[in-house]
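**Student:** Using the sequences and the accompanying hints, generate a full structural model.
4 protein chains.
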Amino acid sequence: MIRIGVIGCGYWGPNLIRNFSEVRDAHVIVCADVREDRLQFVKQRYPAVEVTKDYKRLLQRKDIDAVSIATPASTHFSLAREALSYNKHVLIEKPMTKTSGQAEELIRAAKSKKRVLMVGHTFEYAGAVRKIRELLSRGEIGDIFYFDSTRANLGLFQKDVNVIWDLAPHDLSIMLYALKLHPVRVLAVGSAFVNSSIEDICYITLFFPKKIIGHIHISWLAPVKFRRTVIAGSRKMIVYDDVENIEKIKVFERGVTIKENNGPKGILERQLFYQMGDVWSPRIDTQEPLKIECEHFIDCVKKGKTPSSDGKNGLEIVRILEAVDESLKEGGKIIDI
Amino acid sequence: MIRIGVIGCGYWGPNLIRNFSEVRDAHVIVCADVREDRLQFVKQRYPAVEVTKDYKRLLQRKDIDAVSIATPASTHFSLAREALSYNKHVLIEKPMTKTSGQAEELIRAAKSKKRVLMVGHTFEYAGAVRKIRELLSRGEIGDIFYFDSTRANLGLFQKDVNVIWDLAPHDLSIMLYALKLHPVRVLAVGSAFVNSSIEDICYITLFFPKKIIGHIHISWLAPVKFRRTVIAGSRKMIVYDDVENIEKIKVFERGVTIKENNGPKGILERQLFYQMGDVWSPRIDTQEPLKIECEHFIDCVKKGKTPSSDGKNGLEIVRILEAVDESLKEGGKIIDI
Amino acid sequence: MIRIGVIGCGYWGPNLIRNFSEVRDAHVIVCADVREDRLQFVKQRYPAVEVTKDYKRLLQRKDIDAVSIATPASTHFSLAREALSYNKHVLIEKPMTKTSGQAEELIRAAKSKKRVLMVGHTFEYAGAVRKIRELLSRGEIGDIFYFDSTRANLGLFQKDVNVIWDLAPHDLSIMLYALKLHPVRVLAVGSAFVNSSIEDICYITLFFPKKIIGHIHISWLAPVKFRRTVIAGSRKMIVYDDVENIEKIKVFERGVTIKENNGPKGILERQLFYQMGDVWSPRIDTQEPLKIECEHFIDCVKKGKTPSSDGKNGLEIVRILEAVDESLKEGGKIIDI
Amino acid sequence: MIRIGVIGCGYWGPNLIRNFSEVRDAHVIVCADVREDRLQFVKQRYPAVEVTKDYKRLLQRKDIDAVSIATPASTHFSLAREALSYNKHVLIEKPMTKTSGQAEELIRAAKSKKRVLMVGHTFEYAGAVRKIRELLSRGEIGDIFYFDSTRANLGLFQKDVNVIWDLAPHDLSIMLYALKLHPVRVLAVGSAFVNSSIEDICYITLFFPKKIIGHIHISWLAPVKFRRTVIAGSRKMIVYDDVENIEKIKVFERGVTIKENNGPKGILERQLFYQMGDVWSPRIDTQEPLKIECEHFIDCVKKGKTPSSDGKNGLEIVRILEAVDESLKEGGKIIDI
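Protein sequence lines, in the order shown, are assigned to chains A, B, C and D.
For what it's worth, the working numbering labels the leading residue of the first sequence as 1, then goes sequentially.
For what it's worth, the working numbering labels the leading residue of the second sequence as 1, then goes sequentially.
For what it's worth, the working numbering labels the leading residue of the third sequence as 1, then goes sequentially.
For what it's worth, the working numbering labels the leading residue of the fourth sequence as 1, then goes sequentially.
Please note that the accuracy of each hint is not assured.
Copies of the same chain look alike in the list, so a pair counts if it fits in one copy or across any two.
[Said to hold, decoys possible] With a Cα cut of at most 20 Å, we get these calculated EDC-like pairs of lysine to aspartate or glutamate: (1) Lys291 / Asp143; (2) Lys98 / Asp310; (3) Lys131 / Glu253; (4) Lys211 / Asp325; (5) Lys225 / Asp285; (6) Lys113 / Glu253; (7) Lys98 / Glu288; (8) Lys250 / Asp278; (9) Lys225 / Asp242; (10) Lys114 / Glu244; (11) Lys225 / Asp278; (12) Lys43 / Glu22; (13) Lys225 / Glu253; (14) Lys210 / Glu330; (15) Lys225 / Glu244; (16) Lys236 / Asp278; (17) Lys98 / Asp336; (18) Lys211 / Glu104; (19) Lys303 / Asp325; (20) Lys236 / Asp143; (21) Lys236 / Glu134; (22) Lys211 / Glu330; (23) Lys303 / Asp63; (24) Lys305 / Asp160; (25) Lys312 / Glu105; (26) Lys211 / Asp336; (27) Lys111 / Glu82; (28) Lys302 / Asp25.
In short, the hints are calculated from the structure, not lab data.
All values derive from a computational prediction rather than experimental measurement.
**Tutor:** Here it is, written out as structure tokens:
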């Protein structure tokens, strides 16, 4: 039985408690938050979970094997470092840290302590994303041309991060996971409309090997939720619309048609047309991705395995986010990663 | 070269002229309508086509091989009978006639004159409908359970027919063509809202062999166009939405899932779920159905073949429409066909 | 504080516990089910709720004010009667009972005991349905012509009810609630495909005052979930698609257009067209309907009010279901209600 | 009566002939193309139109008032210059010319000859685009934040232009027309996948005054047609999907909700949520845009008016296209316009 402490009980923390409580061999023992009302909320929903205002008391407990950190991004580094110093396995929400230096330090600490360090890139555990990776891996769409992702909604206008650090980790982790490739350069333009010091929309272009272009459009300013990813290849195109209940993924085939027209004086005219072919929407595993993520974390802790979304993975995302921030500050300059 | 005369140049007549003019070995010579403005319209669009106000002069011409009748339904019978008496091949718009007795008389006349008699059930020549017939024929959806069709729009409120004779021929011809079966009983309820003597909505239930149920909902009272057909079978379901530009036909598969829950004390709980499987949207031939219909008519005339939508076919639809009218008048009584 | 006992912890029971636990002044004390595994499930999720295999012990408790019954339909009557005999307020899931005689007896018993008797017609508490009732009440669509409802999915193939008793209560309660009218006659045709003694598809036609036609198509045989309601009126049309995440309700306006064509010799041609007008999708209250239902029940218990979906309401639905069954058995005969 | 000569009868030319033939006071006299088969095609469809293989003979005719040029982009400049030298009014398809110098020369020539010079930015005459301009002009969405346009389909892989010169003129003309603003800087990244010397996908970012960002994604590599424009503002968002038959434009409102939770010990918790509000889809004028464009051209010729899409307008688009090409060549450098 892996005994877990959860730090941070805002929006995401209760989801972690609920999902860990359904994982075999896992048990959420205690939960920490500085806000009394959030602790009361947890108390009411999960009467069996202890609560504390002092995360240090959670870390000091010997009966806690692993810690799940769901606090604001700026606190991830110090909390994770301290948790590792107490020999806890650590699952950190994304973005892993605020700087790549911090991410590297956590990786070193986890290695020296021989603890599992995992980042909560939840989408990598989603059925739709796994299906896309599978389709790309087996060459379903031919050569990959571009990977285009839009994630827009009404933002929560967080004070400690801009839209890039809030939303782009999702698209970046999906893109890197699905393509199994690493971008080499990045370029970003964006703007800060509502609060002039915090970007609320951004366009990011990523240059991958094999000439593949990645493109991400993120926005906090859309009254309606948009989550659409288009991956075009030499033979087919995948459209992944995460807002859809059914047919989240569609694979569009390309067809060729010959049109014959009866020309003048009986001369038959032929024309070749590219035309839409079949459309196929594969069935998707509908399990809650966070459940699979929690199971994977527990499995790694029990067996000493390296997680799919490990520290190295988290570090790469942070490095890209830093490059995006830099490009943005320079008004769209191309930055090597 | 088959030389054609078109009688009736309202909404549909010009479409016939345009399509016949693109068929090899066909030539529209002359067009008749009692309305001067419609003749002028044809004159402007198709300067090479002669026009006349007197259909009799069209029928009397020796250089006309075939006649295409696109006039109001109540005139179909007498015009077609007269055209056959002049030894013309005949293509009549749907509904073929106002009574089954009239349809039978036309069939006899065509037989004795050895002329082609075809009814313009255009949907039987549509790529989507042909694909559905193909899917059903090869057992794609398993045993057929029901065939449900909705056709609703803002009606033109014709004076000489109700919504049944205006719209149901489409759904009936699609249903019979796709199923390759003949209904044995029918039941209909409807209502006349706008003009109390002309039904503007109707629900029709058709009882087919093998327990298959056909159901048609037609309406002139819908501000938005609805054209959706659902065919459910023991293995799959076909949804045909004629309003869609792409993915007109979708085939929904059925999947079975096993959900495992981690029960109390490590007891694993299993549950069997039916779940949506893959969705597949086959590519459809996008040629204009009327073009294919016109080609087929010319082909039958040239080779003396029996058309796919021949007089017998038209007669069956008229018989069903009569039964629907009777059931409706009796407030929903079941009528044998 | 209203103290509640829940009888039946299958699919729906836990939802009742969860929602009642979030209602102010309500407290779920105990839960009964004959199945040990379901009790364990509740124990794990809601450690504060007591469980028992014997519902009689639940009913005998003095500290229970109200009982919520979520057992198979065939047991509703005897459980509700017994609960009322113990002076408990009662919330029964739909369908209220298996016969109208039973429903009448419960109404009498509740009246004599001065207890609240409510039926769980959950859709009457859904934001979308309430919005439709509001739109119809204020004459938004003009005179109502017809109300057409389709509810199709992969059924659970219950052994004690057919598709009518399983699904039609939803559509009937929505229809009666939104129209504020009572049907006077009914006609139904259906078929039993999978199990020859239990109908799995059915078409129901309801005749309302003012010539309004209600039509319900229910099916357990559709691999994909369909939940679409169309209400056509003299001015507008409402489409309610419960499968949609956003834009669940759309109101289609009707427009009139004048098309001008430049006719021959400069004569201007005018044609009047009906055409689609604006489409409007009103914002819907997205609160969980069951939550509102539970709050309403508690409110009625506390204040001695008559619930919106009371016993009389439940009785009417049962009477219609009986008429539907009778019509079905007679092969589509019209039955007066 | 304005007498028109059409030069170029490929895909677009026949559309021009058809639409001009329906404009009052306009008459297509003659049509020129070097391809015999295209002339035959025109002859068959429009027997009243003369045809010639030599455009010079068309230009030399005294009975021709205006010339409509629908040839490949590289020939636009010389043909238009020659037409102006013969004192003809000129309508050129987009892109107006291959260089801004050429466009400037045409503007000067038209001015000195006092002829109308118009560019065929057809979308500016589309009902949907005009509705968007109207909505933006009256402040419907509040302050404009960004304008995002995607145009993707299977390209025709023209030899004389890349995807930018083929597709971007549409999006640029829509954007400038709707915003009534002029971009000051541009940045573009793209790639050439199929033919390594001709770009087939491109991402363009445009920097407008008031911090507004324009973004265009164009692609020839998509098996399915995508034409979606999103315009986000401080109050609402417009989504324009040109592939839709109905509801081409949707306006999404933003709502604010207060959620109340029953907290512990009866403390009521309130939270403020941004939430989707109403969605409104205004009715769109469905007239063929090219028809309106042709009418506008004839009107300008007759009255000596400056067209809405005049030479200056065409020049601005060409200047932006040049800047996009330059940015692309420099790998995403920001270029001032």
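**Student:** Could you run down the list of hints and mark each one as holding or not?
**Tutor:** Right, here's what the structure says about each hint:
| no. | hint | in the structure |
| --- | --- | --- |
| 1 | Lys291 / Asp143 | neither (33 Å within a copy, 38 Å between copies) |
| 2 | Lys98 / Asp310 | within (16 Å within a copy, 52 Å between copies) |
| 3 | Lys131 / Glu253 | both (17 Å within a copy, 17 Å between copies) |
| 4 | Lys211 / Asp325 | between (23 Å within a copy, 18 Å between copies) |
| 5 | Lys225 / Asp285 | between (22 Å within a copy, 17 Å between copies) |
| 6 | Lys113 / Glu253 | neither (50 Å within a copy, 50 Å between copies) |
| 7 | Lys98 / Glu288 | neither (28 Å within a copy, 38 Å between copies) |
| 8 | Lys250 / Asp278 | both (10 Å within a copy, 10 Å between copies) |
| 9 | Lys225 / Asp242 | both (10 Å within a copy, 18 Å between copies) |
| 10 | Lys114 / Glu244 | neither (41 Å within a copy, 48 Å between copies) |
| 11 | Lys225 / Asp278 | between (28 Å within a copy, 14 Å between copies) |
| 12 | Lys43 / Glu22 | both (17 Å within a copy, 13 Å between copies) |
| 13 | Lys225 / Glu253 | between (27 Å within a copy, 12 Å between copies) |
| 14 | Lys210 / Glu330 | between (26 Å within a copy, 19 Å between copies) |
| 15 | Lys225 / Glu244 | both (11 Å within a copy, 13 Å between copies) |
| 16 | Lys236 / Asp278 | both (10 Å within a copy, 17 Å between copies) |
| 17 | Lys98 / Asp336 | within (19 Å within a copy, 34 Å between copies) |
| 18 | Lys211 / Glu104 | neither (29 Å within a copy, 37 Å between copies) |
| 19 | Lys303 / Asp325 | neither (38 Å within a copy, 55 Å between copies) |
| 20 | Lys236 / Asp143 | within (9 Å within a copy, 33 Å between copies) |
| 21 | Lys236 / Glu134 | within (14 Å within a copy, 25 Å between copies) |
| 22 | Lys211 / Glu330 | between (24 Å within a copy, 16 Å between copies) |
| 23 | Lys303 / Asp63 | within (19 Å within a copy, 49 Å between copies) |
| 24 | Lys305 / Asp160 | neither (33 Å within a copy, 50 Å between copies) |
| 25 | Lys312 / Glu105 | within (11 Å within a copy, 59 Å between copies) |
| 26 | Lys211 / Asp336 | within (15 Å within a copy, 27 Å between copies) |
| 27 | Lys111 / Glu82 | within (14 Å within a copy, 65 Å between copies) |
| 28 | Lys302 / Asp25 | within (9 Å within a copy, 44 Å between copies) |
Hint compliance for this structure: hints 1, 6, 7, 10, 18, 19 and 24 are not met, and every other hint is.
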